[in-house]
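Q: Sequence:
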Amino acid sequence: MDFRIGHGYDVHALAEGLPLVLGGVEIPHTHGFVAHSDGDVAIHAVCDALLGAAAAGDIGLHFPDTADEFRGVDSRRLLRRVAELVRKRGYEIGNVDCTIRMQRPKLRPYIDAMRRAMADAMGVGDDRVSVKATTTEHLGFEGREEGVSVSAVALIFRPEGGNN
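The numbering of the sequence shown is the working numbering, which starts it at 8 and goes up by one.
Okay, the calculated beta carbon distance ranges per label pair:
hint	residue 1	residue 2	range
1	Arg165	Pro26	36 to 42 Å
2	Arg165	His69	16 to 22 Å
3	Arg165	Glu33	34 to 40 Å
4	His145	Glu167	45 to 51 Å
5	Val41	Pro116	23 to 29 Å
6	Glu167	Asp127	22 to 28 Å
7	Pro112	Pro166	39 to 45 Å
8	Gly24	Pro166	43 to 49 Å
I should point out that these hints are in silico values taken from the structure, not numbers from a laboratory.
Note that beta-carbon positions come from the ideal geometry of N, C-alpha and C, so glycine has one too.
Modelling step: build the complete structure from the supplied sequences, incorporating the hints.
A: Here's what the structure looks like:
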């Protein structure tokens, strides 16, 4: 089989009074993302990891922040389209793993919902999606609660006898 691994990273600033959407789940909080789309850094990092594995550019190439059609868009739509692109190239999604760096709120109560939301958008079982969260012990922009960063990796594979 043909296996490929991709890496993704995204960061967005936080501002008071905006919605906080992570992994396709709206999370109650005083601050949310400053962004052209819904700012879902977890999904954006996963999209970049999948696109990287498929050698298909990055999220900005496919969904530019200058396009009105993506203003305020639910990032699950973007993830669905990325998963379709991966499949059109003859690959299946093996698994994705992401780590969210954010001081607060505590994300443990939302992790399973994030896994389900992203799995649903990609058309895979939630056992193929890992979401982890960590604080930065009050260090850096995440620790000062100025923003959130997410890194992600993805494995895609071309099944035996799949398209070349």
